[in-house]
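Engineer: The primary structure of each chain is shown beneath.
Number of protein chains: 2
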Amino acid sequence: MQKTNTSASSERDEADPHGPDDREFVNSLARGLSVIRAFSREAPEMTLSEVAARTGLTRAAARRFLLTLDRLGYVCTDGRRFRLAPKILDLGFAYLSSMDLWDVAMPYMEQVSAEVHESCSASVIEGCDIVYVARVPTTRIMSVALNLGARLPAFATSMGRVLLAHLPDAKARERLLTCPRRALTARTVTDADRLWEILLDVRAKGWCLVDQELEEGLRSIAVPLRNQRGRVLAAMNVSGHASRITPDEMIARYLPVLRRAAEQIARALPG
Amino acid sequence: MQKTNTSASSERDEADPHGPDDREFVNSLARGLSVIRAFSREAPEMTLSEVAARTGLTRAAARRFLLTLDRLGYVCTDGRRFRLAPKILDLGFAYLSSMDLWDVAMPYMEQVSAEVHESCSASVIEGCDIVYVARVPTTRIMSVALNLGARLPAFATSMGRVLLAHLPDAKARERLLTCPRRALTARTVTDADRLWEILLDVRAKGWCLVDQELEEGLRSIAVPLRNQRGRVLAAMNVSGHASRITPDEMIARYLPVLRRAAEQIARALPG
DNA sequence: GCACTTGTGTTCGTTTTTTGCACGCGGGAG
DNA sequence: CTCCCGCGTGCAAAAAACGAACACAAGTGC
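Here the protein sequences line up with chains A and B, keeping their order. For the first sequence, this note's numbering assigns the number 809 to the initial residue and increments by one for each residue that follows. For the second sequence, this note's numbering assigns the number 809 to the initial residue and increments by one for each residue that follows.
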């Protein structure tokens, strides 16, 4: 879902830049994972050779990995074409399960969504992107479907700015400067200095509203999710269509709901 | 989220039963993936040695895999403890993106959810389990959180029975007989012959209602999701709390909504 | 119909990487 | 202090990767 895959996020991408020749780096694993990632909306189903071409592996290597993944149940094949099997979700599931936060947060997010009649989402920051880790959708307002694992550029999203604002100064600055900041609408703020000011403001206020900077007609407001000790673990937001709600109304009506939910989540979290 | 991990689903589990000695099987990949899966709710954060113990790998091997995954950004570490990084979701994301179905289905599922004020989910079958692939939650009614990738035993769920019913006879029978069928509530039907009758009925009717067989107080009704050519790709359901709705009401009010959505999804699907 | 190109998937020996084991190190608890 | 547990490292043995063949099919031009 969603093609965006925005920023150049990951510093080191897998594939096979003929690995760090470290003896501590298992190339087979990196290559196997790159085979999994070779599948996409554009190529949901591939022959052995197509996989080889996409990953840069030899056909022989691609074959070994595909057969291995098939044996393990992560891909399936009709003999000629290969496609990913649902078991792949087990891997991400391991991640989601390993975080109590989402489990704890979901009921409160459902409550938020029910109260404001808009989608409520949670995300974490990774590199230049935010990654969606939980979501309670209502009727679609965005042009793209945002599902778990989806990425959006941090600098242009309400959750991204909240997360950036709660990074240590040096890190936040560095990300602002190094991450690509393509304007996504006419309103997108891309100037690093201006963004820095915004982050300082967000940090002081404890919330962030973004008005049609990510997508025309889309407004969203986000708050940090903290654990009991006050450390920011993620961000949570609510978005609404510009035709349905003004920024002031969002602050008046949505912010209190978000803040209350965030507090309840913090209290409900262990540790 | 959700511990269930029910049935013994996967025929061949990974780990390291010292692999099929085939030259076509890449042990390193299987082992690397088993390292990812070693993380769970119970062990969200582990030292190198703990990972080694959990996976049955030597510490040296575990170390190499963890360092590799760290380099690739799939795990992160504070130097001592390792945990999964959100990038892991990219893997499952590759799967979800590779299926148009979910993208197409989501808006209709949101509509269903809005119309009946209950959660609407979609799943596929894999072995003895159904795997959740899309979900529009409303306020929580189940005791467990069902998220993407979550598994439930097929025989005891409405979606599972729909999916089993649309398998070829031989396959459906075989799964009924070989899959574990532990009773989950007092009402759970576990008798294979009785289940077979139910499946035939589901196949004939084109929908399935399950009343508190999975969990006390939980009723759900499911229909198949087909492509334009009529092939069953997944199942979609709506569930409700027993105190809020009777089975007859579910059939009267929810079924038409589900059926209409399923038809719209079929029409909206390519090929 | 025929040789021919092109793109498959598969096999095999050789080179290269990965592995497991044994050993050494260091820091916290008893 | 010393024991124990967790971590890092060197090396022979095992494995995986590579590349180059081979087999096969479908389409191509003649």
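Worth double-checking, as some hints may not be accurate.
[Claimed, not checked] Straight-line C-alpha distance at most 20 Å; calculated EDC-like pairs for lysine to aspartate or glutamate:
| # | chain 1 | residue 1 | chain 2 | residue 2 |
| --- | --- | --- | --- | --- |
| 1 | A | LYS979 | A | GLU934 |
| 2 | B | LYS979 | B | GLU934 |
| 3 | B | LYS979 | A | ASP1001 |
| 4 | A | LYS979 | A | ASP1001 |
| 5 | A | LYS979 | B | ASP886 |
| 6 | B | LYS1013 | B | ASP1001 |
Worth flagging that the hints you see were computed from the coordinates, not collected in a lab.
Engineer: It remains to establish, for every hint, whether it holds in the given structure.
Structural biologist: The hints, checked one at a time:
1. A C-alpha spacing of about 12 Å is found between LYS979 (chain A) and GLU934 (chain A), which places the hinted pair at or below 20 Å, so the restraint holds.
2. For the suggested pair LYS979 (chain B) and GLU934 (chain B), the alpha carbons sit about 12 Å apart, so the restraint of at most 20 Å is met.
3. Taking the CA atoms of LYS979 (chain B) and ASP1001 (chain A), the gap is near 63 Å; set against the 20 Å cutoff, the hint is violated.
4. Distance hint between LYS979 (chain A) and ASP1001 (chain A) is fulfilled; the C-alpha atoms sit about 15 Å from each other, no more than 20 Å.
5. Distance hint between LYS979 (chain A) and ASP886 (chain B) is fulfilled; the C-alpha atoms sit about 17 Å from each other, no more than 20 Å.
6. Distance hint between LYS1013 (chain B) and ASP1001 (chain B) is fulfilled; the C-alpha atoms sit about 19 Å from each other, no more than 20 Å.
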